[in-house]
Amino acid sequence: MDSGARLKAERNRLGMSQEAFGGACGVAKNAQINYEGGKRRPDTDYLAAAARLGADVLYIVTGVFSPAGAIEQQLLERFRAATPELQRASLAVLGVTAVAQPAAPSFVGAAGDNHGQIVQGGTLHQDHVAFNVGPKKRGSRKA
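Note that the numbering used here has the sequence shown beginning at 641, numbered continuously upward.
Source of the hints: derived by calculation from the structure; they are not laboratory data.
Accuracy of the hints is not assured; some may be wrong.
Listed below are the simulated EDC-like cross-link pairs for lysine to aspartate or glutamate, each with C-alpha atoms no more than 20 Å apart in a straight line [what the hints assert, rightly or not]:
1. Lys669 x Asp683
2. Lys669 x Glu659
3. Lys679 x Glu717
4. Lys669 x Glu650
5. Lys648 x Glu717
6. Lys648 x Asp683
7. Lys679 x Glu659
8. Lys648 x Asp685
9. Lys648 x Glu712
10. Lys679 x Glu712
11. Lys648 x Glu659
12. Lys669 x Asp685
With these hints in hand, go ahead and build the complete structure from the sequences.
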């Protein structure tokens with residue numbers, strides 16, 4: 641992997657678009673595209689700005705993760721692979737309490753309106769849950 645590809649990987653790791661990352665580092669989107677494509681090399685001012693954004697500049701330039709970057713990379717990979725329960729426990733150990741929670745689901749539709757229900761909200765993570773969505777079938781209810 642060349643330095644342009646490593647730069648792109650770091651930008652993606654930080655969750656930034658080419659335009660946003662380049663702008664934060666003082667260049668236009670076109671320059672960012674040229675850096676990532678290996679057509680041009682960034683200067684030290686750009687790299688210093690990238691470091692302030694959280695990019696591992698040692699990795700971008702040399703292909704070797706900085707000691708802190710290597711540890712962060714391992715933590716991130718293991719966190720992403722962990723179960724939701726282990727992720728919550730890890731965050732609690734680290735003292736992270738202000739984690740955005742998905743919106744609670746809400747159900748719209750009155751019984752007997754023959755329009756079914758609309759489920760709105762964030763993602764639910766539950767096993768063995770089935771939803772039957774749609775109008776109630778006539779004669780399907782036994783009295």
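Cross-check of the supplied hints:
1. Taking the CA atoms of Lys669 and Asp683, the gap is about 15 Å. The hint holds against a cut of 20 Å.
2. With a C-alpha separation of about 5 Å, the suggested pair Lys669 and Glu659 falls inside the 20 Å cut-off, and the hint holds.
3. Distance restraint check for Lys679 and Glu717: the Cα-Cα separation of roughly 30 Å exceeds the 20 Å cut-off, and the hinted pair is therefore not satisfied.
4. With a CA separation close to 16 Å, the supplied pair Lys669 and Glu650 stays within the 20 Å bound.
5. A hinted pair counts as satisfied when its Cα atoms are at most 20 Å apart, and Lys648 with Glu717 qualifies at roughly 18 Å.
6. Using a Cα cut-off of 20 Å, the hinted pair Lys648 and Asp683 holds, with the two alpha carbons roughly 16 Å apart.
7. Among the hinted pairs, Lys679 with Glu659 is consistent with the structure: their alpha-carbon atoms are about 17 Å apart, no more than 20 Å.
8. Restraint check for Lys648 and Asp685: the C-alpha separation of about 18 Å stays at or below 20 Å, so the hint holds.
9. Distance check on the hinted pair: Lys648 and Glu712 sit about 18 Å apart at the alpha-carbon level, within 20 Å; holds.
10. In summary, the hint linking Lys679 to Glu712 is not supported, as the alpha carbons are separated by about 29 Å, beyond the 20 Å threshold.
11. At roughly 12 Å between alpha-carbon atoms, Lys648 and Glu659 fall within 20 Å of each other, so this suggested pair holds.
12. With a CA separation close to 16 Å, the supplied pair Lys669 and Asp685 stays within the 20 Å bound.
Going through the hint list in order, the structure does not satisfy hints 3, 10.
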